[in-house]
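Enquirer: The chain contents come next:
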Amino acid sequence: MTQSDNNRSSQPTIGQVLDERGVSRRRFMKFCTAMASLMAMPPMMTSALAQNLRQARRPSVIYMPFQECTGCLESLTRSFSPSIENLLFDTISLDYNHTLFAAAGTAAEAARHEAMEANWGEYILIVDGSIPQGAGGVYGTSAGESFVDQLRHAADGAAAILCVGTCASFGGIPYANPNPTGAVPVSEIIHDRPIINVSGCPPIPAVMTGTIVHYLTTGGVPDLDKYGRPSVFYGQSIHDRCYRRRFYDEGKFAKSFDDEGARNGWCLYELGCRGPTTYNACATVKWNEGTSFPIESGHGCIGCSEPNFWDQGGFYEPVTSKLFEDRGQIGGAAAAGVALGAASAYAASRRKKKRSETAGEEESS
Amino acid sequence: MTILEFARGPMLHFALAVFVLGVIWRIVTILFLGFKRYHSEPRNGLVKSLIGGMTVTGSRSWPHKEFIGRTGAGEAIGYGYHIGLFIIVLLGTPHVVFWKNLFGVSAGWWPTLPGGVVHVLSILTVTLLLIVLIRRISHPVLRRLSNFDDYFSWFITFTVMVTGVMAVFGLGGRYETILAWHIISFNVLLIWFPFGKLMHAFFIFPTRAVVGYLQSRKGAAT
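Keeping their order, the protein sequence lines are chains A and B.
Positions 1276 to 1640 (the numbering used here) are the ones given, in order, by the first sequence.
Positions 38 to 259 (the numbering used here) are the ones given, in order, by the second sequence.
These are calculated hints, taken from the structure and not from any lab test.
Treat the hints loosely; a few may be bogus.
A short list of chain A residues far from chain B (calculated; beta carbon distances all over 10 Å) [said to hold, decoys possible]:
1. G1297
2. V1413
3. G1432
4. P1453
5. V1496
6. H1514
7. E1525
8. T1552
9. T1559
10. K1561
11. N1583
12. R1602
13. A1609
14. G1616
15. A1617
16. S1624
Cross-link-like lysine-lysine pairs, in silico, DSS-like; alpha carbons within 27 Å at most [to be verified]:
17. A:K1628 x B:K137
18. B:K102 x A:K1629
19. A:K1627 x B:K73
20. B:K255 x A:K1627
21. B:K255 x B:K137
22. A:K1627 x B:K85
Since the structure is predicted, the reported quantities are computational estimates derived from the model, not experimental observations.
Beta carbons are placed, not taken as given, at the ideal position from N, Cα and C, and that holds for glycine.
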């Protein structure tokens, strides 16, 4: 038995931790039902999920924040009341996160190295933020190491990598044009580990929890879409699940944020809503414990869970517009068309004249 | 650059430039060629000739009563899908947003049709386009008259319609991928437009009017 096996078997199960914290069976089952529903599992799977989750050992989690704004972590840890999602987040053995750690500096780094060594090959690596590669990676360093080197080393011993937020998943805002730091997503650096992207700026906490629950209960990576995101959460567009969709179908659109359409809650498509091209669970899971999501609060979706969302034009330009900022090219083509047309007509009349002259000469000869 | 970014970015700009250049080239060429000089005395004055031109534009756009039994169905189908195309292109919400952006106008007065109406019209139009193709292939005379231009013009129009329907109904893949193919097929249509029979959109009524005008000037009944 290896050191990591010993370490893992000595960890309490999630069920034991929840019992210690006084989480009732009823509350736990409600959570499992919600998770099963969120992950589109059949109802009879709920009890199996609950059983597996209770028996799962606390996984060691190394949370590495790189080029990020801490918004993702805020999203995951802050809520109005302590939810079971928080408890689950507490339940996992979060062995390193320099934002949440009481320890700092050398002590924190030593804890990370110790946790990585003890759980080598077993821990889940959560990455938050993009990784700057420009100028040899000097745009992002911590404890005398560049973020690139830290990521490579941490990824070597990870069982799976969870990219939290759009920056880690797709590069996000640091990756946006002109990308002065040479920022890249995790998937451009690490190629030999399973990577799950939980995109969003920030991602929905329940989506994050659901992904962890899936990993804990099945021990594997969930079905992923073409961008490496769990299909159960990112399988449908915001537009398809939006409660304002019927107004789109009826052709009722808000034309500005203070007109009658906006007050009536009509579709925000013409105000730049990115719902049709954005895949996330916002419209169903919602935010702030199911209170609402941006469209419900009166603002269009900005497509934050999609790659390159920051470079897709203005947030207030409709999906099918933002195409013609410079009409000079079309004006030039029109001018060229006139010139070409005149030249063609001239050439045609010259040909015609020449033909009639030749015909006249043949007749006279 | 994603396929959607390419479709609605450089490819669309290129296609529009080709479209504008080609259409203006063809129209200007014809305008500069001018009319053949007629040496005989005009039988009708300018006003009467212009009225003649307008009359012919109308009468040639309707089946002749003598042939209505043979041509009526074909013309009805033709009108059907043309009207469908116009309504979808001019009153479908995403298209209206596109036109507003292209022409740089806010145009709050520009109405949009309910999605359900556009969906039904789209399916009808696709069906009519299919019937048109079947008729062209099965009709012995039409088949002999048809060439690559006819089939390609049909194909690209049909592709634009089908990809549009697929995007709306979420068929065949992710919305943005199908949207990209819809825009790409539209771009190909724009590029092909000035050089093929699709150019009839610009020529059909002016040529009928000119023919009617000239016939009227000569005093010929039409």
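Enquirer: Evaluate each hint against the coordinates.
Expert: Structure-based check of each hint:
| no. | hint | result |
| --- | --- | --- |
| 1 | G1297 | holds (45 Å) |
| 2 | V1413 | holds (29 Å) |
| 3 | G1432 | holds (34 Å) |
| 4 | P1453 | holds (15 Å) |
| 5 | V1496 | holds (21 Å) |
| 6 | H1514 | violated (8 Å) |
| 7 | E1525 | violated (5 Å) |
| 8 | T1552 | violated (5 Å) |
| 9 | T1559 | holds (16 Å) |
| 10 | K1561 | holds (22 Å) |
| 11 | N1583 | violated (7 Å) |
| 12 | R1602 | violated (7 Å) |
| 13 | A1609 | violated (5 Å) |
| 14 | G1616 | violated (3 Å) |
| 15 | A1617 | violated (6 Å) |
| 16 | S1624 | violated (7 Å) |
| 17 | A:K1628 x B:K137 | violated (46 Å) |
| 18 | B:K102 x A:K1629 | violated (45 Å) |
| 19 | A:K1627 x B:K73 | holds (12 Å) |
| 20 | B:K255 x A:K1627 | holds (24 Å) |
| 21 | B:K255 x B:K137 | violated (44 Å) |
| 22 | A:K1627 x B:K85 | violated (32 Å) |
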